Amino acid sequence: MDKILRIDMGAEGGPKATVMDLGNYAGLGGRALTSAIISAEVPPLSHALGKENKLVIAPGMLSGTIAANSGRISIGCKSPLTGGIKESNAGGQASQTLAKLGYAAVVIEGKPSADSLYTIFLNKDGVKIQSDDSLKGLGNYDLVDKLQSVYEGKPCYISIGPAGEMMLSAASIACTDMECRPTRHAGRGGTGAVMGSKKVKAIILDDSGVSMRAPKDAEKFKEANKRWVDGLKKHPVTGEGLAAYGTNVLTNVLNEAGGYPTRNFSSGRFEGHTKISGESEAALETERGGNPTHGCHKGCIIRCSGIYNDKDGKYLTKQPEYETVWAHGGNCGIDDLDTIAMLDRLDDDYGLDTIEMGATIGVAMEAGLAKFGDGEAAINLIHQVGKGTDLGRILGSGAAVTGKVFGVERVPVVKGQALPAYDPRAVQGIGVTYATSTMGADHTAGYAVGSNILGIGGKTDPLSPVGQVELSRNLQIATAAVDSTGMCLFIAFAVLDQPETFQALIDMINAFYGLSLTGDDVAALGKSVLENERKFNISAGFSAAHDRLPAFFSNEELEPHNVKFRVTDQELDQVYNW
Amino acid sequence: MKNPTRFVQILSRIFQSGVFVNATLGVSIQELLENQLNLSKDFVDCNVATVFLNGKAVDKIDKAMVRKDCEIALSGAMPGFVGATMRRGGYYGTMRQAISYSDDGCLSSENEGLVRIKLYNSLIDPVGMSLAQHGFLITQKDWESLSGTDIKEMPVRELDTQNGKMYLLKI
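From first to last, the protein sequence lines are chains A and B. When the count follows the working numbering, it moves up by one through the first sequence with no breaks and lands on 578 for the last residue. When the count follows the working numbering, it moves up by one through the second sequence with no breaks and lands on 171 for the last residue.
Careful: at least some of the hints might be erroneous.
[Stated by the list, open to error] What the simulated footprint calls covered on chain B by chain A, stretch by stretch (three residues with Cβ under 8 Å from a Cβ of chain A suffice, anywhere in the stretch; the number is not a length):
#1 12-25
#2 52-64
#3 78-85
#4 93-100
#5 109-122
Bear in mind the hints are in silico, worked out from the structure with no lab data behind them. Predicted model, so just to flag it, every value in this text is computed and none were measured. All residues carry an ideal CB built from backbone N, CA and C; glycine is no exception.
Bound-form chain B, shown alone (with noise of 0.2 Å):
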């Protein structure tokens, strides 16, 4: 496909349910942005302001670790009183301690795998587009929903994995 930014568009509400990245293990979430989706430390500072693991409000991303199967929600900053107690690090962070993250310390055997990442609002575009330069599947159901779209018409890689049959999706 020729258009990435209409390629993003397209997939805006796959991204909102989440897509999968093969993704080193182990690592903070910081390095998993940094390092292996190549977004600017700069990027992650000031626009990466929400940030769940496993539903849970991350405060601090560099000690959040990336463990298989997880997911990972990403935002920007959030309108309202509750946006602003969802906010990493922000001065509200007590009135949601119940769900709050707290790391368990368990770590992974495997050095690789699956993780869900979830992009919302204002990161869907810029997050979007390094995932899709990164490449990512999607899940069969998703891809069927594409149907009548363009990115039908891109060639794509069927795998069969450990969550079932899903495409990989790379520009």
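Pulled out of the complex, with its shape left as it was, chain A reads as follows (with noise of 0.2 Å):
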């Protein structure tokens, strides 16, 4: 990873590929270098489908090794849902591949003036770009399908779907799974619309003939990497629990809690919630020949995916996760796993985001365009979105422009950004982290490595009534650092409990670079990982008051606990004084 490819779209006479080095940016992966690049390069004032932007993608600084769950990619650009910086990760084969290609990011610039759309081909030996209208408007599965006759040996591919070609700001991108299938995407944001507007319709990454990167101490790696395995296996979330539910095991959870954001974030709870729950739907997957024990890419250890199987036991999509389950399932009020199943593979056919689809849909059926619970009314609101007719373009527009158009109150948005699966009335701490992330709402920003194993900003009494500002924060620090290794964010429950897992993970980046970082370096990483997303969303005109969650978390309470949000405004613009 010692090169960066920039593919100018909009260059004389066709897109032009140049190898640079990495200059400036040496030392940076994942989340850390998309957010450099994008803040250096990108006038933050540029229309985010104009021809200044850019689409960064970015394997971890340890993708493409055996370190286990090494496998995520960061895709950064100015965002056309939020008008700030984005930095929107996904699993799936991609950045493995991409790494040990070599490349630390691809940086697709400018914009072709014709409307022709484009793939883009890398193997050892280089780049192709070529024009191919015969892929106009298929979705993510048809287009894999027809690729894979193009393509020989086992590549895998980042694509748009319909929704990216129409540059509507849900749009998502999306990498191949194990299985070749277009299930991992990397959703918020809008990313897919940049794509979309940049006209490249898909990436094809082959490696064949190709090795695995070599650390510097190939023996201190081998044994870091042992201890990380060890950790993250004997850990009971990463270990057992992920593995046998998912991440849809947080429904109960969250439903009991009261803090299970239903039908458009009006109650707390929904009495639909066993249906939907991970317990029931691993054992539906199971009965009828699927997995609910699944990795998205190789080297993964903690397999919390599964696959998805149709009343006749044919493969419909892989396991909708947590935020899937509850956007389409309890905040719109439906109970049904198939329904909710078959809304997750439109998702990804189309290329949307599913936590903007369902929040989206949600103020739709406050709106009255369709009855809460009303399944069949969802499907065809996510097929009128995939087909572009003028609802399905304002819908794939996202929540916040749905609420304006169709006058709702009650729309549940950060920066543009829809709130995912926790209404920050029952936890406020993520309130914090939604109003003020870089990203918009976004429950990952502050998701992991325990600021108590850190030590960023000073241990907080965990009982005390204040203390939320500083632990969203340091969380949302320690995020950004993870974010730039190319760890999948669900090792943070290893790391959370565990400091010599963390202290591991340290030890693999030392040891493959040949550094010694310690923990006041990754925090620094953090650190400056955020001023640089801060200073982008500054000039692009974010002030304080873009850092507030919509009136109704303040004014409206949340049964069954009664509860509103009570982080005050001077409070949380604290979060970024350190």
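Combine both chains into one complex, guided by the hints.
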């Protein structure tokens, strides 16, 4: 990973590829690299779909190595959904493959003047860019099927569906999984729309004849990876819980806590929760010959994903995860797993963010476009998006636009991006992260390593009534650092509880790059990522007023505990004071 | 029913929505789990990571008291940041302070009564088995939902309770 591939899609005479040294970006990976490039090279006031925006695709620092769970790829740009900086990451095979090919990043720049669609093929011999209008309008599943008949071997694919081609703000970028299905999405923030604006339909990555990346100190790296794997395996969540039930194991617990946003955030409990819980989902998958325990990329040992078959035992989609089941389930009053799985499949095929679309349909239902609980109507609304009808283009632009168009007051967004599956009135700490994250409402922004382990910003008394701002700040810093490693965010559960497992992660980075980083250095990296992102957003016009939750969270009590969001504006404004 | 594992499997969804146990009141949740449901202290310490009493996250199960008609939900360790905040005594407990359990100090005048127990994820099988041996009640609606399963063939006691007609299941 010692080079950056830049592709100018608007070059005279057609797209032009240039391979460059890392330069000032040496030593960065994943989110640290995407955010560094975007903040340095994209004018903050540029149009997200214009030629000045860039799409940066970067594997993590440890991707392409034997390090377990190192297959996360970061995709960055100026977001058409939020208007701010964006890093959205995904699993699947792309990160490992791109890293093995030696690219720290692929930067797609400019904008073609013609209307043709392009594919970009990368292998050990170089880059080939071709126009191919026969791919226009294809869903991700058909697209990958078609490309598989063209490209030999077992390449993996990064692609957009019709939503990306239409440049809708809820459009995602798909990465294929181990079975070469387009099920792993950089979903948040409309990255697919930016790829669509560059007229790139698919990137094909072929690592035939290429070896795994070699560490500077092979012995130390191997030993640290062993400690890393042992740590992940012995933890009850990463070792057993996630494998058995997937992330949807959270449905029952969030519902019990009264923090499960139901029917467009109008209450905290959903009466149909047991029908769509992770426990019921896993049982159904097993009964139909699917599989509730499956990794999304080679080298994953947590295996929180799965295979969801339809009633006839045929593959329908990957196991919908918690946020998807919530967004299309409880948030829309839908308690049927088959309907939710179909919505997941359609989102993946059209290339849409499941969280944004579930929240949008919830808003649409509140507006009266369909009744809460009407699964067939929800499926029809997603089809409208895929077909690009007038209504579909409104819905595909996300919850904020839909709320404005239909005059809905309760619109759960921050910086234009829909809130995920945890009501901030019940879990106020995550409300701080939703409000202040550089990314817009994002549950993964303050997710990762325990601040008690890193010691960033000092220790906080867990039972103190204050401290939510401090915790959120520390978690956001730590998450930004982990997002730069290429590690799956679910490793957080093990490193949260086991300092020795966190140390193993640092030891792996050190052994691989010949460095001597400490926890403090990791914290400094996280801070620098956030500072880059924050600086970009301020220059793009963001202010403290954008670091707020919608007013209804402070005005409306959430049943059953009748709680409101109580963190003050003054406290929120302290998050970036370090 | 001869196969207890199958018994618990069939009842999985009902355990998630909650079954009723006739319990000694005025004791802590820890005492209920260890002394009445016969779960070992080790099991409770290591596996019962997340506990709710009437929908509120409990930090200290030895201080949270069992009262008449209360609802207790039990879960293993949860993934995700929010999962970590829900954990009893966890570092991130402050982030869900608005829904943390605090004892109101009121004591029940009755010694015995029904409490509702909900089981989630990794606790469905082991705690479900303990409940099956202890005996528990399910509502008429839940009983009817078992139609077509082996459990419907089991001998059960039908009871009239303050919560309506219920069915006692025990293996």
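**Report entry** Check of the stretch 93-100 of chain B against chain A for coverage (Cβ-Cβ below 8 Å, three residues minimum)
**Finding:** holds (count 7)
Query raised in the report: Counting residues of the stretch 52-64 of chain B with a beta carbon closer than 8 Å to any beta carbon of chain A, are there 3 or more?
Result: holds (count 5)
Report task. With a C-beta cutoff of 8 Å, work out whether three or more residues of the stretch 12-25 of chain B approach chain A closely enough for the coverage to hold. Result -> It holds: at least three residues are needed, and the stretch 12-25 of chain B offers 4 whose Cβ sits within less than 8 Å of chain A.
Requested in this report: Would you check chain A against the stretch 78-85 of chain B, counting CB to CB pairs closer than 8 Å, and say if three or more residues qualify?
Outcome: Satisfied; 8 residues make the cut.
Query raised in the report: Are there three or more residues in the stretch 109-122 of chain B whose C-beta lies closer than 8 Å to some C-beta of chain A?
Result: Answer holds; 4 residues pass the 8 Å Cβ test.
Of the numbered hints stated above, none is contradicted by the structure.
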